[in-house]
Amino acid sequence: MEEGELIKSAKSGDNRAFAMLFQLNYSFLVKYLMKVTMNPDTAEELAQETMARCMEKIHLYQGKSKFSSWLISIATNLYIDQQRKKKREKNWQQQEEIYRKLKWQIKSRNEEWTDALSALGKLADDVRIPIILKHYYGYSYDEIGEMMKLSSGTIKSRVHNGILGVRKELRLNG
Amino acid sequence: MDKQKEGMENDYIDESLLTIIKEIEGGLESVEQHAPVYTPNFEWFENMVAEKKKQLRKKLIFDVSIFSIVALLVLSTVLFTLYNIPTIFFALQGLAVIFLIGYFSLRLIKQVKET
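From first to last, the protein sequence lines are chains A and B. Be aware that the first sequence starts at -4, since it is given in my numbering, and climbs by one per residue. Be aware that the second sequence starts at 67, since it is given in my numbering, and climbs by one per residue.
No lab work stands behind these hints, which were simulated from the structure alone. Quick reminder that beta carbons are idealized off the backbone N, C-alpha and C, glycines included. Incorrect hints may appear among the rest.
Which bits of chain A does chain B cover? Going by a derived footprint, with three or more residues having C-beta under 8 Å, they are [to be verified]:
1) 15 to 25
2) 52 to 61
3) 64 to 73
4) 110 to 119
5) 123 to 131
6) 158 to 167
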């Protein structure tokens, strides 16, 4: 069954269609959340919450964007809300703790954990997310603005300042 | 058109930033390729969907019950004040209007500050 048909069946309450949609998109969603949260455990928890939220809101999905884009839009907002509630301090030490497990997982596969990733991990979430969406997933500023409920100008300036932040961090370490 | 737009969007990028962007992309690609993600089997997804549906149904019943009880309480209070103590009724109407104006103004100010 194609994705369009699955979405139609899911909207009419078919549990199997939901399950198939989620299974198809699970890996994409978790990998996106790993990049955004830099924490594998948080990524998996958020992926489950995203699927639950998707079931509640499936009637709102109009098919204007790809289903996977709609999922990461839900996931992004869930993560931002979660972080806002936690109001955690964003000092460097604590950020280091956050990406330690992911760093270990990458290194245990004999792959390099780059300084750019560490620098990206030290940025505030609302700056890191638009950078990932723009420069890894290739969304436009308008699309990211729609996802994060911000103006495209704000997104553009966050991406720009974020990249400057990464450059500064790399120069400090280099 | 898209290329033109893309060009405008990237007009701030200079060479050194392009290098940084390439490094970021490389790092993220490494996470994409090498971070382990285990997709559970189909039964797990089916169970998860069924469980969530149960929870949603429970939540709906709870929300509708609470809404009905509160609506009945409000309605009976409004009717009671309207027929027995009209001064209180009109005072409450005025207070409700003031509260709503205050609430939406504060929300607007907060939104403007956040953006």
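Checked hints:
1. 15 to 25: holds (count 6)
2. 52 to 61: violated (count 0)
3. 64 to 73: Our answer is that it is violated, as 0 residues pass the Cβ test (under 8 Å) against chain B, missing three.
4. 110 to 119: holds (count 4)
5. 123 to 131: holds (count 4)
6. 158 to 167: Our answer is that it holds, as 5 residues pass the Cβ test (under 8 Å) against chain B, meeting three.
Hints 2, 3 from the earlier list are contradicted by this structure; the remaining hints agree with it.
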